[in-house]
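Protein chains in written order, with the numbering used here: chain A, 229 to 370; chain B, 30 to 199.
Treat the hints as calculated values from the structure; they're not laboratory data. Even for Gly, the Cβ is constructed at its ideal location relative to N, Cα and C. Careful: at least some of the hints might be erroneous.
Cβ pair distances, simulated, as ranges [to be verified]:
id, chain 1, residue 1, chain 2, residue 2, range
1, A, N317, B, G120, 53 to 59 Å
2, A, G236, B, L58, 27 to 33 Å
3, B, G185, A, H295, 29 to 35 Å
4, A, S307, B, L196, 31 to 37 Å
5, B, L167, A, A259, 42 to 48 Å
Chain A regions said to be covered by chain B (calculated; three or more residues, Cβ under 8 Å) [as the list claims (entries may be wrong)]:
id, stretch
6, 247-256
7, 317-326
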Amino acid sequence: MRDPRGVGGVDDLFLLLVAVLSFSLFFASFARAYATREAQERGERLGGLADSLLTAVLSDPRWTHGHGLLARDALGIVSVEALRPLAANHPFEVVIWDLATEERWTFHDGSGDGDWRTSATGANVVGSSVDPARVAATVWGP
Amino acid sequence: MSERGFESLADGTLLLTVLLVASGAVVALARPVPVDETAVAARYAEDLRLALFRTTMDGLEYDRDGASVPLPDRTSVEMYLRVQVHLLTRGPPGLDFDESNARVEALAERLLRPGWGFAILGRASGAGVLAIPHAADLPNTYVESSWTYPALDGTGPEVRLALAVWLSPR
Numbered sequence: 229m230r231d232p233r234g235v236g237g238v239d240d241l242f243l244l245l246v247a248v249l250s251f252s253l254f255f256a257s258f259a260r261a262y263a264t265r266e267a268q269e270r271g272e273r274l275g276g277l278a279d280s281l282l283t284a285v286l287s288d289p290r291w292t293h294g295h296g297l298l299a300r301d302a303l304g305i306v307s308v309e310a311l312r313p314l315a316a317n318h319p320f321e322v323v324i325w326d327l328a329t330e331e332r333w334t335f336h337d338g339s340g341d342g343d344w345r346t347s348a349t350g351a352n353v354v355g356s357s358v359d360p361a362r363v364a365a366t367v368w369g370p
Numbered sequence: 030m031s032e033r034g035f036e037s038l039a040d041g042t043l044l045l046t047v048l049l050v051a052s053g054a055v056v057a058l059a060r061p062v063p064v065d066e067t068a069v070a071a072r073y074a075e076d077l078r079l080a081l082f083r084t085t086m087d088g089l090e091y092d093r094d095g096a097s098v099p100l101p102d103r104t105s106v107e108m109y110l111r112v113q114v115h116l117l118t119r120g121p122p123g124l125d126f127d128e129s130n131a132r133v134e135a136l137a138e139r140l141l142r143p144g145w146g147f148a149i150l151g152r153a154s155g156a157g158v159l160a161i162p163h164a165a166d167l168p169n170t171y172v173e174s175s176w177t178y179p180a181l182d183g184t185g186p187e188v189r190l191a192l193a194v195w196l197s198p199r
């Protein structure tokens, strides 16, 4: 002989288990989707900042003769303070590497913790000769 | 099973189905949006071509019938390549640019970011005249930056110099 209340309880228990399982799956996938989207947006934002910083370094009339033509004599005036606004106050590092003379100019600001993106390209350092150079800009963010 | 039990079973199955579909939709919507890598690579190719072609080099030369013909110091890579294509399309046989081409190739390799392949191509009248490296094998994913120049002596076909780059993880 079965107790009707017991049978009803088992039915409710089944429904409860299914509900817990279903909502767990849903919220887990929701949380994962949110984390993925956030990471992607953060990466894109940092990548955009690194691109902007690189472009600004390669085009600033204070130390270039035009896009990608860095004036050797003027590289001395490049400073962390001059670059900081271009990086939107994020921690950053800019490296200019003259491949002909092996000279490097490095500008570093901030602790550099967290996620980061680097943008790099080719350019020239112009003095008495036109040397090939690699320029890289890295931006960190939370 | 009682009638209420069947209802519970049906409700549970429906709930599970709906939330599974919703979970799938959420995961699908959160997939990373593909970035247009071709546009990024094209911009990189343009920057690299300008940096490479503007670079000046000392001691560039070529051989003509075994005799070395030096080019002036601080000749740009661009001018060297134009001279080469010009001579190869019109010049006499017995020309050898291998030594200086190897220097240009080494320079391009250093300028390029790791993980990228490259080829420098020279064309006149649409026909390939020059390729650095010699056996440049372009994958179908390459992007190219190029510029067209008038003939060096003002007559004859235009010369097109190009730099092709592609992702080449090693």
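Here's how the hints hold up against the structure:
1. Between A:N317 and B:G120 the beta carbons are some 58 Å apart, a value that agrees with the proposed interval 53 to 59 Å.
2. For the hinted restraint 27 to 33 Å between A:G236 and B:L58, the CB-CB distance of approximately 39 Å leaves it violated.
3. The hint said 29 to 35 Å for the Cβ distance between B:G185 and A:H295, and at roughly 32 Å that hint holds.
4. Take A:S307 and B:L196: their Cβ atoms lie about 35 Å apart, and the range 31 to 37 Å holds.
5. Between B:L167 and A:A259 the Cβ separation comes to about 45 Å, which falls inside the hinted range of 42 to 48 Å.
6. For the stretch 247-256 of chain A, the stated coverage by chain B is satisfied: 7 residues place a CB nearer than 8 Å to a CB of that chain, which reaches the threshold of 3.
7. Proximity of the stretch 317-326 of chain A to chain B, defined as three or more residues with a beta carbon under 8 Å from a beta carbon of that chain, is not established by the 0 residues found.
Hints 2 and 7 from the earlier list are contradicted by this structure; the remaining hints agree with it.
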